[in-house]
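Residue numbers (the numbering used here), protein chains in the order written: chain A, 1 to 364; chain B, 1 to 364.
Simulated from the structure, these hints should not be mistaken for laboratory data.
Note that CB positions come from ideal geometry on N, CA and C, so glycine has one too.
One or more hints might be untrue.
From the structure, some residues in chain A lie toward chain B, with a derived Cβ separation under 7 Å [claimed, not checked]:
#1 Q228
#2 T242
#3 S244
#4 R310
#5 R351
One side of the interface only, derived from the structure: several residues of chain B facing chain A at Cβ under 10 Å [stated by the list, open to error]:
#6 M125
#7 T143
#8 Y145
#9 A206
#10 P324
#11 W348
#12 V353
2 protein chains.
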Amino acid sequence: MSTDDTTDESTATENAERESECGAADAEATAGTERTCGAGEARSASKASGEAASSASETTSDDSESKCGASAGSSSASTGSSSSTCGASTDETTDEKVGSTVEDFDADPGSLTAVGLGPGQPEGMTARAREALLDAEHVVGYTTYTELLPDEITAAADEVYDTPMCGEVSRTEEAIDRALAGNDVAIIGSGDPNVYALAGLALEIAESKGATASMLDFDVVPGVPAAQSCAARIGAPLVNDTVSISLSDHLTDMPTIESRLHAAAKEGFTIAVYNPWSRKRRDNYEKCCEILLEHRAPDTPVGVVRGAGREDERVEIVELRELPELGETDLVDMTTTLLVGNEDTYVWDERMVTPRGYESKYDY
Amino acid sequence: MSTDDTTDESTATENAERESECGAADAEATAGTERTCGAGEARSASKASGEAASSASETTSDDSESKCGASAGSSSASTGSSSSTCGASTDETTDEKVGSTVEDFDADPGSLTAVGLGPGQPEGMTARAREALLDAEHVVGYTTYTELLPDEITAAADEVYDTPMCGEVSRTEEAIDRALAGNDVAIIGSGDPNVYALAGLALEIAESKGATASMLDFDVVPGVPAAQSCAARIGAPLVNDTVSISLSDHLTDMPTIESRLHAAAKEGFTIAVYNPWSRKRRDNYEKCCEILLEHRAPDTPVGVVRGAGREDERVEIVELRELPELGETDLVDMTTTLLVGNEDTYVWDERMVTPRGYESKYDY
Chain A
1 MSTDDTTDES
11 TATENAERES
21 ECGAADAEAT
31 AGTERTCGAG
41 EARSASKASG
51 EAASSASETT
61 SDDSESKCGA
71 SAGSSSASTG
81 SSSSTCGAST
91 DETTDEKVGS
101 TVEDFDADPG
111 SLTAVGLGPG
121 QPEGMTARAR
131 EALLDAEHVV
141 GYTTYTELLP
151 DEITAAADEV
161 YDTPMCGEVS
171 RTEEAIDRAL
181 AGNDVAIIGS
191 GDPNVYALAG
201 LALEIAESKG
211 ATASMLDFDV
221 VPGVPAAQSC
231 AARIGAPLVN
241 DTVSISLSDH
251 LTDMPTIESR
261 LHAAAKEGFT
271 IAVYNPWSRK
281 RRDNYEKCCE
291 ILLEHRAPDT
301 PVGVVRGAGR
311 EDERVEIVEL
321 RELPELGETD
331 LVDMTTTLLV
341 GNEDTYVWDE
351 RMVTPRGYES
361 KYDY
Chain B
1 MSTDDTTDES
11 TATENAERES
21 ECGAADAEAT
31 AGTERTCGAG
41 EARSASKASG
51 EAASSASETT
61 SDDSESKCGA
71 SAGSSSASTG
81 SSSSTCGAST
91 DETTDEKVGS
101 TVEDFDADPG
111 SLTAVGLGPG
121 QPEGMTARAR
131 EALLDAEHVV
141 GYTTYTELLP
151 DEITAAADEV
161 YDTPMCGEVS
171 RTEEAIDRAL
181 AGNDVAIIGS
191 GDPNVYALAG
201 LALEIAESKG
211 ATASMLDFDV
221 VPGVPAAQSC
231 AARIGAPLVN
241 DTVSISLSDH
251 LTDMPTIESR
261 LHAAAKEGFT
271 IAVYNPWSRK
281 RRDNYEKCCE
291 ILLEHRAPDT
301 PVGVVRGAGR
311 EDERVEIVEL
321 RELPELGETD
331 LVDMTTTLLV
341 GNEDTYVWDE
351 RMVTPRGYES
361 KYDY
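Next up, chain A with everything else stripped away, as it sits in the complex:
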């Protein structure tokens, strides 16, 4: 699963996935919890965290042992709490709880900004995302992404809080608690905060705490989604009507996913398939291939892009008929995005091209 660490914006789904697997691992190896689970880590930077952060620690330290990440700025507490949560998650669900509410914070709230990093490397970030991160006092994110941040950003932050494995719910709550404690907080993920990512979870948790988006001056800074980063690597596979579907049934049941795949494949949409494969979801991948082949020709081009724009990037254009056998290869995992062509898509000079229809209107 280490390859999952180079994931796209399906981070949310993947962390949820990881969370349960993490729990499973824990069930197998009792000593495994401390080692494998999301030990939240707060790396204090040059600047002092300031009074607000301290007040957060105070207001939440009482129950910081019992839940993930509700204690702001405390490495040890976060570690202990993250671990306890992960250790407890021995099946599909977890017992992560949102403990603190807006009532627990006496400071004037700071701000919460969900920032999309795009493909992950600094050059894939928008200038606006960079500015938002430079302005943030606390940057909260999955370790893989905080490690991708340029030094200028981590240096400018009072604190960078990251969790290496499980816990997007606790990490998101941590970010909200830090904002409620008076800090300007950026919560980051690759891709775009609206594509299988944390913008929604942040609002849901804020609401559950009795906070409001306005109170947190909640903002979203969009980023380049994985579908676009991957499409760019193989030409022009998605220039017409397109569907994005995730094969993770952790948060959406499989019958719904299958029904959506049938509808999309029937209607000539190009299809971006997120989270196509994991050890626990071999069947979903096989079912997806089966459904696509039911509606599309076996020679339909499919772009397979793993870790778009990363050092370990792999890009291949295959035929739909070849897809099933790729499920067990390291080309297809949670970090891979599949770009399925429609009836008109063709391969030319190692690029995938889905015509827009100009050829029917113009003479060229």
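Take the given structure of chain A and dock chain B to it, following the hints.
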């Protein structure tokens, strides 16, 4: 149509749209051609365009009067040719032709890069897009976008070629000819080159010229699509499986669009509707509203975002039942993107939230 000038990456569709309207205008007013149609304009910058460009002028000057954009670096020729094309397009189709082929160019080909600008403003651009534009010798694009480029980029370019109205086919051919003539060319559009944009057209025209993508070192630099820019303005409307559909039937017939709308609305996808309305497509908009209301509750939240992130931006969250009457208002035009919620989407604190399903797995 002036509002169309602040369009998102549906540029391709819109230019096609404009083209035909431009032709129609021309049919009404014979003198209108020169005034309203795509008079390609090449603004020479400080640096000389170089030998390659000159050679292109030579190799294509013979028939530069008779077709759009095949003459590289020649303002007058481009102007004349663009006009002649637009004047000729008096109905839905145009007679734009790709005249020159790879054989017409004796220079070593330069490069062609399709660059997505994102929402349009410099801060919405990725660092990679900025670098690609700074590296380009020629920047080719729709006037609205070339005018949005930071001075450092237009100053660094040998030449900026833009067409103010009709002609994405001729503009794209112009870009390819300039690349075949030995220039490093960037063709720009807002949003992402893979979302209703020019990445595909560039490859189609390159092929029709007997060129290859490899010969042109063709590359795509992704950008933030309008769906993501607009979603960010209203919270988290698209965090689950999503469909993007364009209501322009210029390149996709209406029965296909309707069938796709039915399928998407039936399957609980959130839906990003591009190019929702234009004078010539009132019916498409009405039909779309009708189909959505057939499958979704009248109180389904719909985000209506016009000119996301622009000075004239307008953002509203309405109920699906209100959508039909908005068709004739200036809130909905070709630059508007509609974000239609699914069955679970709700409005909270002036944000649209589409739950991912965490609430079914976590206690918060």
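### Query
Would the stated hint for B:W348 survive a check requiring a Cβ distance to chain A of less than 10 Å?
6 Å, holds
### Task
Return the status of the interface hint for B:V353: holds when the least beta-carbon distance to chain A is below 10 Å, violated otherwise.
Nearest chain A Cβ about 5 Å off; hint holds.
### Hinted contact A:Q228 with chain B - closest CB pair below 7 Å
4 Å, holds
### Message
Min Cβ distance, B:Y145 to chain A: is it shorter than 10 Å?
### Response
16 Å, violated
### Task
Would you settle whether the hint for B:P324 is holds or violated, based on the nearest Cβ-Cβ distance to chain A being less than 10 Å?
This hint is violated: B:P324 lies away from chain A, its Cβ roughly 22 Å from the closest one there, beyond 10 Å.
### Query
Does B:M125 pass the interface check with chain A, least Cβ-Cβ distance below 10 Å?
6 Å, holds
### Query
For the hint on A:S244, does the least C-beta distance to chain B fall short of 7 Å?
Holds, because the Cβ-Cβ distance from A:S244 to chain B comes to roughly 5 Å (cut-off 7 Å).
### Query
Do the numbers back the hint for A:R351, that is, is its least Cβ distance to chain B under 7 Å?
Given a least distance of 5 Å, the restraint on A:R351 holds.
### Message
Holds or violated: the hint that B:A206 contacts chain A, with Cβ atoms closer than 10 Å.
### Response
9 Å, holds
### Task
Have a go at the B:T143 hint: is there a Cβ in chain A nearer than 10 Å to its own Cβ?
Result: violated, 20 Å to nearest chain A Cβ.
#### Entry: Interface hint outcome for A:T242 [beta carbon to chain B under 7 Å]
With Cβ-Cβ at 5 Å, under 7 Å, it holds.
### Message
Given A:R310 as an interface hint, is its Cβ closer than 7 Å to any Cβ of chain B?
### Response
14 Å, violated
The structure shown violates the earlier hints numbered 4, 7, 8 and 10.
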